[in-house]
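Given only the sequences and the hints, what does the whole structure look like? Please build it.
Residue numbers (numbering that gives the first Met the number 0), protein chains in the order written: chain U, 0 to 588; chain S, 0 to 416.
A couple of the hints might just be wrong.
Which chain S residues face chain U? A few, computed with CB under 8 Å, are given here [stated by the list, open to error]:
#1 Glu322
#2 Glu334
#3 Ala370
#4 Val373
#5 Ser375
Since the hints were made in silico from the structure, they are not lab data. Ideal placement from N, C-alpha and C gives every residue a C-beta, glycine not left out.
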Amino acid sequence: MATTLPHKDVAIIGLGWTGSILAYELATAGLDVIAIERGPWRDTATDFPPTWAQDELRYGVRLDLFQRPAQSTMTLRNKISQTALPVRQFSSFLPGNGLGGAGVHWNGMNYRFLPTDYQLRTHVTQKYGAKAIPDDMTIQDFPMTYEELEPHFDRFEKLAGISGKAGNLNGQIQPGGNPFEGPRSAEYPNPPNRQPYGATLFAKAAAELGYHPFPVPSANLSQPYTNTLGVAMGQCTFCGFCERFGCGNYAKSSAQTCVMPALVRQKNFTARMNANVTKINLDSTGKKATGVTYVDDTGAEFIQPADMVAVCAFSFNSVHLLLLSGIGQPYDPVANTGQVGRNFAYQCTSSVLVQLPKDTKLNPFVAGGAVGTVIDDFNGDNFDHTGLGFIGGGVLQATSTGGRPITQISAFKDTPKWGAGWKQAMQDNYQTIYPLGTQGNVCAYRDAYLDLDPTYKDPYGSPLLRLTFDWHPNELKMSAYITEKLAGIGKAMGATRIESAPRTGPYTVVPYQTTHTTGGAITGDSPSNSVVNKYLQSWDVSNVFVFGASAFPQNSGYNPTGTVGGMTYFAIDQIKSQYLKNPGPLVPA
Amino acid sequence: MRFVALSNPRVILAAALLGAGAILATHFAAAQSTPPATADAQTIAAGKYLVAAGDCVACHTAPGGAPFAGGTVINTPFGKLLGPNLTPDQDTGIGGWSDDQFVQAVKYGYGHNVGHLYPGLPYIYFNKVPVADILKIRAYLNSLAPVHNQIVADQLPFPFDIRALMIGWNLLYFPDTGDYRPDPSQSAEWNRGAYLVQGLGHCAACHTPKNAFGGDKTGQEFAGYIVDGANAPALVDSTANGLGAWSVDDIATYLSTGHNRYADAGGPMASVITHSTSQLTSADDHAIATYLKSLPGNGAAPPAPVAPNDPQMIAGMHIYSDECSACHMTGGTGEPNIIPALKASPVVAATVPDTMTHVVLYGARSVGTDAAPVASAMPAFRGVLNDQQVADVLTYVRNSWGNAAPAVTPDQISAQR
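Below, the structure is given as structure tokens:
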């Protein structure tokens, strides 16, 4: 028997980046806000002190900060004709859990998508003709433009204290930055990080080849900073424990570091931890949410009434909740009907191992998650795709995030996997093998989607989410092309040996690739092509908003957080200025 | 029952004080009983501000208790006191007190129906506050909801529970000089700061050394003291053992926010900042800083630093690199507003290393304020470092980057485990 709790103005599901920003903005606007988070409370100083947080076994291997399959998992298949099986250990992607969500363990690469990424279908059609888009490729335009989002990107970057160098300031190309980026209204709030040796060699080689290297726009701060909420942050110490770890130096922008200190001072904000939302409740019309139901860690069930519900979970968990709650019509790829679950996308990564001359000392342990150098010359439509047979591209990066002993030892394929041979190879190569990588876009396809699994259930008796996904020729061709370009840079770095590993099919969930899963609750200009409008408001239930990368119609080659942050502030602006005064659809259907 | 031998020096002291007091007249007899007047909102607001300036919450609001309903434990070298109930409850608060009786208590340490108060109520400093301001405080307290909460304030052991002892004590340590008198040679801002520091702020209660009887040591105002196992650092303008490295703005920022480019407030000062100085106007915090910055150091030369090749220094340097430098940085600079600097810090280089020992063993949490919300923290090292290692690393930080302070011994560490 569920206990009904006192009414709140807003119930937020998930307390990561988007949930904490929304909670702060609405609590300071005077609303009574509750955030309900499946995982535990976390605090920068006490959960991640640098005296013991650099524990690779606990965090890097045993995945302490992540969603556990016992809480909920998903099933996976490559093709519609197959029967999906449950993911029993997250590996290819690692959804977050607890306060801060995936924003705790991210590396901190903070990009804005290219202006053309927001109008992808229109741009490709105009430039290369409609035939450049295969029939089964369901890419579509975002309903908002880069120009509309620009002030909101800036706002997020100033919240997070991003360290970088502008490449395009109000239309003026700036030396040292990314010349391909959209016009920025302001410099980054902090200067770029100093570059480790490997990234310096990469930058030199890339520049010699005529490319445009620039330092990664980084949420690992280059200097002490006080953000727009008055929150003090520290400076990255290049400790090399960033991806999969929390940062106790206050140096990696995350919800618990950048937002929570200011949010917890708001008396009209409540956080409910270790509480799993199982359903968004609707009234008898099915057009209005009345609140949420959640189960706490004792198994007790509660109903939290609220006027507005914001879904701020990890991208595919948000989609799962919409499907379980009966909000919107589930996508059916055969009949090609419905929207919820449609256009799941991922990213297509590859690697190039570069062996540098024997006396090189890379000191790979001097590293930060987003400390490194990249080129954007082969991302998006920054290069001519005529005759290439694919659209899109990716970043080519020298961003070695550490030299940790268990999982970050680079080795060529012919290295023995264990024993004296392996040990000797480690001794010989630790200072000389440099891993380069690509991160490429993934387009949306009719047969890449999320729905409810017909067989497997979660601990609450609800169907698991089912992911149907495989690589398509566009992405594999793209990966082959940009991986070869990357190997060219490796050669120019003076490599004595190069081993390229472009992505090959089929998609497998086993090796870690990237946690940048997107789509399933995509944004669009009509209920006929999307789940949410441009302000991330459900077309079907107007007092439900769905934040995060689930709104991307397809994925680009960039890390998604900067774009998610910009879209979040863009939506919040409209919620505060319009929706709160007059609750109802912000865009006519 | 406790048997106290007559040879106990504390008893002899008590008897002497009692004797001294008995032959002296007091000026408390004239206190008259008039009912308090109802105050306007402006007066109440002014009183609320003065209550913040006096940090009355610290002793009169128990953790989790109703505001000003009393019950906070105040540990003194002589025993335990409980902060009384200041709400206008007739039976258990001060609702039955006249304004005059309230003034007698705050300004002269004489409590209605109680007799002489202990200087846990810092009337020796509040003595400088004009009656008009004290009545505004009363007006604010009168505006609170009455809370029935019986407090037995005096929990002191014999002989200190004899309140008449205070007659003699007052004679020795309570000059009763009356209202603060501005120094015409100083600016209005300096005088405002001096009034707040010497009067309501009662900063000397913690920051001025005390003699064996708990009185302020004359000639050593704001020279620093140890309160409840924590260093209350010297507030004088001396780089060796005071605030010399801090500018007026640094001091004011610290008072307003709990943080500045050097330090992050923790321990008892965190409470002062939360309930008092962060509630004051920036003009008043700046005035306090202006006054403090004018306090001269004693001119004493700092001790010679421990030599860098001392075995403790070498061991300490390695421990520092391993355990401390990730946050406090290799040069001991810390990070502004979150990680304290270890160089040019009056707490780090204090002669008695008690705060540092406590922080290293048990960790610390700084204070979050509206202006600087990050309540940064330091982990505890008692399970990581043994006594010798803590002594070594403390010796190292107390004698690096321009710091100079006596070496720390393992015995000093084990005493605080």
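Quick one: which hint numbers does this structure break? Sort them smallest to largest.
Per hint list: zero violations.
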